[in-house]
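Enquirer: The residues making up each chain are set out below.
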Amino acid sequence: MKVLLAEDDKIQSRLLASHLTNRGIEVHVAFDADSAWRAAESDPPDVILLDLQMPGGTGLGFLKKRNASSLLRGVPVIVITGMEDPLVLRMAEQHGVESIFSKPVDFMLLDVSLESVRSRLTARTAVKPAT
Amino acid sequence: MAAQNRSAALSQPMPAVAPGSAQPVLDRKILLSTVEQDLGLLRELAELFFAESPALLSQIRNGIQAGEAESVERAAHTLKGALSNFGAVSACDAARDLEVLARQARFDGAPQLFSILEREVGRACNALSSFLQEASREGSPR
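Heads up: the sequence lines are chains C and B, in that order. Quick note: to get the working numbering, add 255 to the position in the first sequence (first position is 1). Quick note: to get the working numbering, add 550 to the position in the second sequence (first position is 1).
The set of hints was computed from the structure by calculation and includes no laboratory data. We put the CB at the ideal spot given by N, CA and C, even for glycine. Hints are supplied without guarantee of correctness; some may be wrong.
[Stated by the list, open to error] Calculated lysine to aspartate or glutamate pairs in the DMTMM-like style (CA-CA distance at most 20 Å, straight line): (1) C:K319 with C:D287; (2) B:K579 with B:E688; (3) C:K257 with C:D287; (4) C:K320 with C:D287; (5) C:K265 with C:D289; (6) C:K257 with C:E353; (7) C:K265 with B:E602; (8) C:K320 with C:D298; (9) C:K265 with C:D361; (10) C:K320 with C:E348; (11) C:K265 with B:E586; (12) C:K265 with B:E597; (13) C:K265 with B:E594; (14) B:K579 with C:D361; (15) C:K257 with C:E296.
[Said to hold, decoys possible] Selected chain B positions facing chain C (in silico; Cβ < 10 Å): (16) T584; (17) F599; (18) E602; (19) A632; (20) G637.
Based on the provided sequences and hints, a complete structural model is requested.
Expert: Next up, the structure:
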């Protein structure tokens with residue numbers, strides 16, 4: 256599975272990248288919203304881990320763009336955030352996110368969410384008709 | 551494997567406790583679960599924190615002096631996130647209080663809150679250094 260990790264906090268991104276790579280997940284890290292978007296467009300990941308507060312644009316802006324993009328609309332987004340504003344979190348939910356995690360992230364729950372995405376990907380691949 | 555990096559030091563109690571409080575400067579349980587017992591990773595994260603926290607504190611101090619709420623909020627938010635990874639509860643609370651104040655564009659009491667934050671971050675750094683030194687002496691981390 257290939258994950259795009261969009262997180263400007265170097266400590267948080269290092270922690271998450273370590274956790275994911277230890278589980279055999281390929282991780283690409285972007286430290287701001289613009290580079291995250293470019294990375295997603297040039298090599299669409301299986302799932303995006305998105306911080307809501309980043310330089311170069313907000314996570315909500317990223318979600319809006321994702322929803323408008325035919326290339327990335329189907330890519331699940333897991334939000335990781337230190338924001339406690341319920342309005343912002345509700346808006347993120349309305350943009351169709353897979354799940355939302357507060358920092359520090361509970362790795363066990365994150366694994367469950369990623370496993371759910373992985374299962375769907377596997378099922379989709381299994382039923383894909385031969386060309 | 552991360553689990554192989556357990557050190558004998560991990561079973562020792564965290565020595566540093568905030569003065570006048572029963573609350574430890576660092577919550578060892580959070581600290582170790584965050585890095586999944588990987589002391590090599592913890593050392594790496596601590597170095598990042600030691601390198602970045604002075605600039606974040608400066609940004610908050612300067613922002614308070616200049617009345618720039620957004621700058622204070624952002625730096626306090628980043629600092630809060632970093633501190634939460636280490637289980638630095640008191641320092642994290644101080645950063646959160648400043649973040650909330652700045653979000654409301656309020657500066658009353660901000661210098662006092664900043665003094666608390668600065669002191670708690672210093673304590674957290676010292677406790678983290680002590681823990682890593684102790685772990686190096688007693689264990690065989692990666």
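Enquirer: Hint by hint, note whether the structure agrees.
Expert: Quick rundown of the hints versus the structure:
With a CA separation close to 16 Å, the supplied pair K319 of chain C and D287 of chain C stays within the 20 Å bound. For the hint pairing K579 of chain B with E688 of chain B, the CA-to-CA distance comes to about 18 Å; that is within 20 Å, so the pair holds. This hinted pair checks out: K257 of chain C and D287 of chain C have alpha carbons roughly 19 Å apart, not beyond 20 Å. The straight-line distance between the Cα atoms of K320 of chain C and D287 of chain C is roughly 15 Å, inside the 20 Å bound, and the hint therefore holds.
Of the supplied pair hints, the one linking K265 of chain C and D289 of chain C holds, its CA atoms being roughly 17 Å apart against a limit of 20 Å. Of the pairs offered as hints, the one joining K257 of chain C and E353 of chain C holds, with about 16 Å between alpha carbons and a cut-off of 20 Å not exceeded. Taking the CA atoms of K265 of chain C and E602 of chain B, the gap is near 9 Å; set against the 20 Å cutoff, the hint holds. At most 20 Å may separate the alpha-carbon atoms for a hinted pair to count; K320 of chain C and D298 of chain C meet this at roughly 16 Å.
For the hint linking K265 of chain C to D361 of chain C, the alpha-carbon distance of about 18 Å falls within 20 Å, and the restraint holds. Of the supplied pair hints, the one linking K320 of chain C and E348 of chain C holds, its CA atoms being roughly 15 Å apart against a limit of 20 Å. Of the pairs offered as hints, the one joining K265 of chain C and E586 of chain B holds, with about 18 Å between alpha carbons and a cut-off of 20 Å not exceeded. Distance hint between K265 of chain C and E597 of chain B is fulfilled; the C-alpha atoms sit about 11 Å from each other, no more than 20 Å.
Distance hint between K265 of chain C and E594 of chain B is fulfilled; the C-alpha atoms sit about 11 Å from each other, no more than 20 Å. Pair hint K579 of chain B plus D361 of chain C holds up; C-alpha atoms about 13 Å apart against a cutoff of 20 Å. For the hint pairing K257 of chain C with E296 of chain C, the CA-to-CA distance comes to about 14 Å; that is within 20 Å, so the pair holds. For the restraint placing T584 of chain B at the interface with chain C, the shortest Cβ-Cβ distance is roughly 6 Å, inside the 10 Å limit, so the hint holds.
This hint holds: F599 of chain B has a C-beta 6 Å from the nearest C-beta of chain C, less than the 10 Å allowed. Evaluation of the E602 of chain B hint against chain C yields a held restraint, the C-beta minimum of about 7 Å falling below 10 Å. Hint status for A632 of chain B: holds, given a least beta-carbon distance of 5 Å to chain C, under 10 Å. The closest approach between the C-beta of G637 of chain B and any C-beta of chain C is roughly 9 Å, which is under the 10 Å cut-off, so the hint is satisfied.
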